[in-house]
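Here is what each chain is made of, one letter per residue.
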Amino acid sequence: MRHSTKHKLSAALVVVTAVGLLAGCSSGGATAGAGGDDSGTKTVVYVPGMTGIAFYETLRKGAEDEAKKQGINFEYQGAAEFTPAAQTPVVDAVCGKKPDLLIISPTDPAALKPAIDRCIAAGIPVITVDTNAADGTKLVSAITSDNEQGGEAAAEFLGEALGGSGEVGVVGLDAAATTDQLRQKGFLAKLTADYPDIKVVANEYAGFDAGQSQTVAKSLKVAHPDLAGLFGIVEPNVEGIAAAVGSDDSVQVIGYDASPAEVDRLKKGEIDALVVQPAAEEGSMAIQFAKAYFDGDTSKIEASLLLKNTVVTTKDADSADSQALFYVQ
Amino acid sequence: MTATTAAPQTATTRLSAYGTRIGRSRNALTAGVLLAICILFTILSPYFLTQANWLNTSTTMTQILLLGLGQTFVIISRGIDLSVGANLSLSGMVAGAFMTGVLAPYESVGEVPSALIGAALAIGTGLLVGIINGLLIAFLRIPAFVATLGMLGVCSGASYLLTNGQSLSGIPTAIGTAGNYNILGWIPVPVIVTAIVVAVAIYVLSQTRFGERTYMLGDNPDAVVRAGINDRRHLVAVYAISGALAGLAAIIAMGRLASASPTAGANAELQAIATVVIGGASLYGGRGTIFGTVLGAAIVTVLLTGLIIIQVPPFWQVITVGVVLITAVFLDQQKELRAAKR
Chain A
1 MRHSTKHKLS
11 AALVVVTAVG
21 LLAGCSSGGA
31 TAGAGGDDSG
41 TKTVVYVPGM
51 TGIAFYETLR
61 KGAEDEAKKQ
71 GINFEYQGAA
81 EFTPAAQTPV
91 VDAVCGKKPD
101 LLIISPTDPA
111 ALKPAIDRCI
121 AAGIPVITVD
131 TNAADGTKLV
141 SAITSDNEQG
151 GEAAAEFLGE
161 ALGGSGEVGV
171 VGLDAAATTD
181 QLRQKGFLAK
191 LTADYPDIKV
201 VANEYAGFDA
211 GQSQTVAKSL
221 KVAHPDLAGL
231 FGIVEPNVEG
241 IAAAVGSDDS
251 VQVIGYDASP
261 AEVDRLKKGE
271 IDALVVQPAA
281 EEGSMAIQFA
291 KAYFDGDTSK
301 IEASLLLKNT
311 VVTTKDADSA
321 DSQALFYVQ
Chain B
1 MTATTAAPQT
11 ATTRLSAYGT
21 RIGRSRNALT
31 AGVLLAICIL
41 FTILSPYFLT
51 QANWLNTSTT
61 MTQILLLGLG
71 QTFVIISRGI
81 DLSVGANLSL
91 SGMVAGAFMT
101 GVLAPYESVG
111 EVPSALIGAA
121 LAIGTGLLVG
131 IINGLLIAFL
141 RIPAFVATLG
151 MLGVCSGASY
161 LLTNGQSLSG
171 IPTAIGTAGN
181 YNILGWIPVP
191 VIVTAIVVAV
201 AIYVLSQTRF
211 GERTYMLGDN
221 PDAVVRAGIN
231 DRRHLVAVYA
241 ISGALAGLAA
251 IIAMGRLASA
261 SPTAGANAEL
271 QAIATVVIGG
281 ASLYGGRGTI
291 FGTVLGAAIV
301 TVLLTGLIII
311 QVPPFWQVIT
321 VGVVLITAVF
331 LDQQKELRAA
341 KR
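Just so you know, the sequences run in chain order A and B. Each residue of the first sequence is one higher than the one before, starting from 1 at the first, in UniProt numbering. Each residue of the second sequence is one higher than the one before, starting from 1 at the first, in UniProt numbering.
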């Protein structure tokens, strides 16, 4: 044999390195040109879970609009990947520039705690939005849209749409993602409590991947011919389910969020309902609390603020109220 | 391994024959594994052998297989292309952005011509990415691993940049209709398209001088240079094929989803490499067949859909696929060792 063991070992090493590199490869987000200046204008930086997601973009816009109103300088910096490994360096870089306040949507409560604590230790106050930091983090405020309540709302929609009985399935993102865990927890708890005759026949995970979600949803339909409802946990899951089910009316589809592509499918009836988060409101509340903090007016700050999600169905997709909730691009 | 110091032409012919011979017995093994998996699934679920499962599995397979076919050329030439998944996403998004941004609302150009322009643009983008890969590797001498890993990042980032991460659902409906149409109820359009590509790939790799040189490049690059063959140009061509097929896969992905999504090719490169390796190609180059890759793609896809159908819990699905990959390569190495001892 021409290929020595050494050769093979080095090849194996290369593969191992590759996996590591792949995991971190798309993690570089540009770093902020933040920093407090002496003119008295306060700078607030927002670090989302990842960039290029309609939900975070809408939250950002809500914050940006409010910041303009309040005369606060607003900046936005994020990683291109939804992992603590990608988000931590962004947080470190942002806090290294000493902004007056940090707003962050942690990708993981425990894994981001050290980075958030470093910012707080450096004298930078922190507000979390959408997702939480681990208990014991000294935050100015924690603003969340209630993921468990969102899961419950999805269960309630399916429960009512199916008349209280039938088989349903879930296509999720990743069992380790807290967003996923909480939405599923609320969904399952609500079904158990109020719709005991609805049976969850499968919980599959398809990652952040619309094509994979489509294949998984179709397989679920094959495996469970009586399947009457599907719940998609994040946007690509919802998109894949909608493409798999199409205009098949025997399966009720409920998804999460309201990106332009999702809203388009909602109007076509491929998606029957969406759980829409108050994204813009989360952003604007964070800036209002930041302003109150800067003014020393702490009575206006709620240490923990839980905002409710809204379910929008195909029927009321065109109403003005719904339009106001849908995400921006 | 074969001696390659003989006169170039003789060496080429001998190599090709060698590759085919090993390929045939290896393919019998892979086909056996596929058959065993199918029989097991049929016993475990009444829904495995159904029209609905065939349609879902075969359509899903086309996307994995198209990337695998390009990867087969690359791996035989002793290279690797990690950019194919991101290239798929980018090609789809470029075509989608052009169609929805420039050609929509399709009244002046027409739905079908718009779809064809989009398809050409997707393949063109994929081809361009492939050519860049090839130039980086052949002329700047950047290792294939690093060059295509870098391009994975570039393509993935660019596909998100185009629309800030948003999917585009306003593509011509003709694309979604074709992508989900089943001829006579049983043969999905993507399957026909992919079958044609498979036939062409088999011909090119086993019957043409281009194919012989691809094997030769993987088995002994120095001999290729000594034979006076332009190895650099050949390498660029190999990566160009892989890129163009990623572009074609992007159209199929767009057709299935009836939208262009920046997540369409997520992690598809690892699936493509697994497909080729399960199909019997050697990561050291010089060995592999198109038919093997077809079988490899079938195994990967049947596991993907079948494990859901027999209701294996999700985490066990991932473990099973990993174990099958390792087992396939292990069996192959045992065979090779026995052959070497003889």
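Careful, some of the hints might be misleading.
[Unchecked claim] Restraint ranges, calculated between C-beta atoms of paired labels, are given here: (1) F139/B <-> L306/A: 45 to 51 Å; (2) D226/A <-> G110/B: 48 to 54 Å; (3) D117/A <-> L161/B: 28 to 34 Å; (4) V102/B <-> T178/A: 36 to 42 Å; (5) L306/A <-> V102/B: 40 to 46 Å; (6) V225/B <-> P114/A: 38 to 44 Å; (7) A175/A <-> A28/B: 23 to 29 Å.
[What the hints assert, rightly or not] So these bits of chain B aren't anywhere near chain A, every CB distance computed over 10 Å: (8) Y47; (9) E107; (10) I117; (11) F139; (12) Y160; (13) G165; (14) L168; (15) L184; (16) G228; (17) P262; (18) I310.
Treat the hints as calculated values from the structure; they're not laboratory data. Remember, predicted model here, so these are calculated numbers, not experimental data. We put the CB at the ideal spot given by N, CA and C, even for glycine.
* Consistency of the no-contact label for Y160/B, given chain A and a CB cut of 10 Å -> violated (4 Å)
* Given the range 23 to 29 Å, decide if the beta-carbon distance of A175/A to A28/B lies inside it. => Given range 23 to 29 Å: violated, Cβ gap about 38 Å.
* Over 10 Å to the closest beta carbon of chain A is the bar; see if G165/B clears it. => Violated, since 3 Å does not exceed 10 Å.
* Taking the CB of V225/B and the CB of P114/A, does the distance hold inside 38 to 44 Å? -> For V225/B and P114/A the Cβ distance comes to about 53 Å; the hint is violated.
* Beta-carbon spacing of V102/B to T178/A - inside the hinted bounds 36 to 42 Å or not -> holds (41 Å)
* To do: Mind checking the hinted window 40 to 46 Å against the Cβ distance between L306/A and V102/B?
  => holds (44 Å)
* Does the claim that L168/B lies outside the interface with chain A hold up, using a Cβ gap greater than 10 Å? -> violated (7 Å)
* Minimum Cβ-Cβ distance from I310/B to chain A exceeds 10 Å -> Given that some Cβ of chain A is not farther than 10 Å from that of I310/B, nearest at about 8 Å, it is violated.
* Asked: Between D226/A and G110/B, does the C-beta distance stay in 48 to 54 Å?
  -> violated (42 Å)
* **Distal placement of P262/B relative to chain A, Cβ over 10 Å** => About 7 Å separates P262/B from the closest Cβ of chain A, which leaves it inside 10 Å; violated.
* Given the hint of 45 to 51 Å, check if F139/B and L306/A actually sit that far apart at their C-beta atoms. => violated (58 Å)
* May I ask you to check that F139/B keeps its beta-carbon over 10 Å from the closest beta-carbon of chain A? => holds (22 Å)
The structure shown violates the earlier hints numbered 1, 2, 6, 7, 8, 12, 13, 14, 17 and 18.
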